[in-house]
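Chains as they are written, first to last, in my numbering: chain A, 21 to 188; chain B, 507 to 596.
Among the clues, some could well be false.
As the list claims (entries may be wrong) - Now the stretches of chain B that chain A is said to cover, found in silico as 3 or more residues with beta-carbon under 8 Å:
id	region
1	511–523
2	530–541
3	544–551
4	564–571
Keep in mind the hints are simulated off the structure, nothing from the lab.
Computed from a predicted model, the values in this text were never measured in an experiment.
Every residue, glycine too, gets a C-beta built ideally from N, C-alpha and C.
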Amino acid sequence: MTGIKTILVVKVKDSDGRARSESLAQISDDVFGSFGNSMTLKSQMSACSFDQLDIIPGLLPDGSDTRSEDSPGVIDITISESLLNDRSIVRNAVTTAVEDLLNITLPEPYQHVMYVVEGCYEDCGWAAYAYLNSWLSVYQGDYYKCVGVQMHGEFKRYMPIMLYEVPG
Amino acid sequence: MHTNAPLFVRSDLRFDGENDGFERILDPSDANGVEGTSVPIEITDEQREVMKKQLAKRELVSNVSTLKMNTDFEVSDVGVESTSQEIKKT
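Turn these sequences into a full structure, and let the hints steer you where they fit.
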């Protein structure tokens with residue numbers, strides 16, 4: 021796995037107003053090191069790949085870095101569902117909201133998208149989950165900023181490609 | 507409701523270890539036109555073990571394999587449940 025990989029991070033606010041307290045800029049720093057954080061998903065993916073994999077903040081479809089503040093690769097959205105629902109309902113509401121907001125069909129134009137939700141209230145016990153051989157990972161609480169959890173999410177996505185050729 | 511759809515493997519990083527789950531990607535026509543939505547597949551423990559073995563042996567590949575379902579299934583906002591399923595590689 022080499023090259024440049026663009027990631028969009030989505031800070032989620034639910035229908036009851038639940039959202040992480042971190043600013044978009046803080047989240048951008050936590051994931052991409054945009055403002056000096058030296059221990060991030062970006063830095064560790066680079067280290068683990070001997071500088072062959074470059075994680076970069078995904079630009080918005082209009083080419084801009086931000087919507088409301090200086091927060092490369094991070095947007096915030098409000099969903100029509102509560103986090104008190106099953107996680108698949110929450111996740112699908114986020115996908116719908118992002119596609120509506122940006123007028124895109126995910127994952128394009130990104131290689132990967134990370135959803136950050138304030139917490140888990142149904143079917144919990146997970147810090148994060150990711151889809152193998154796909155484009156999405158979901159983080160709850162402050163686990164999005166834990167590099168070990170970030171790496172798990174990314175590694176799981178890439179693992180089928182790293183370990184063996186995908187048939188077809 | 508489409509009876510043949512891509513299959514996702516979801517990997518949970520849990521406080522008590524890791525756990526794999528299986529989900530089905532919904533066709534946009536089944537999801538109000540939205541691409542990329544998915545719901546869990548409600549299966550028995552025995553079916554789950556079979557799928558995990560297939561995953562380990564690469565007979566099942568996330569986002570490549572498809573799940574073919576017969577007509578005896580139900581779908582809701584939180585999952586798809588069937589009494590008979592067939593997994594195939596495409």
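Structure-based check of all given hints:
Counting residues of the region 511–523 of chain B whose beta carbon lies closer than 8 Å to any beta carbon of chain A gives 9, which reaches the threshold of three, so the coverage claim holds. Under a criterion of three residues with beta carbons nearer than 8 Å to beta carbons of chain A, the stated coverage of the region 530–541 of chain B is upheld, 4 such residues being counted. Counting residues of the region 544–551 of chain B whose beta-carbon sits less than 8 Å from any beta-carbon of chain A gives 3, enough to reach three: the coverage restraint holds. Requiring three or more residues with a Cβ within less than 8 Å of a Cβ of chain A, the coverage given for the region 564–571 of chain B holds, as 5 such residues are present.
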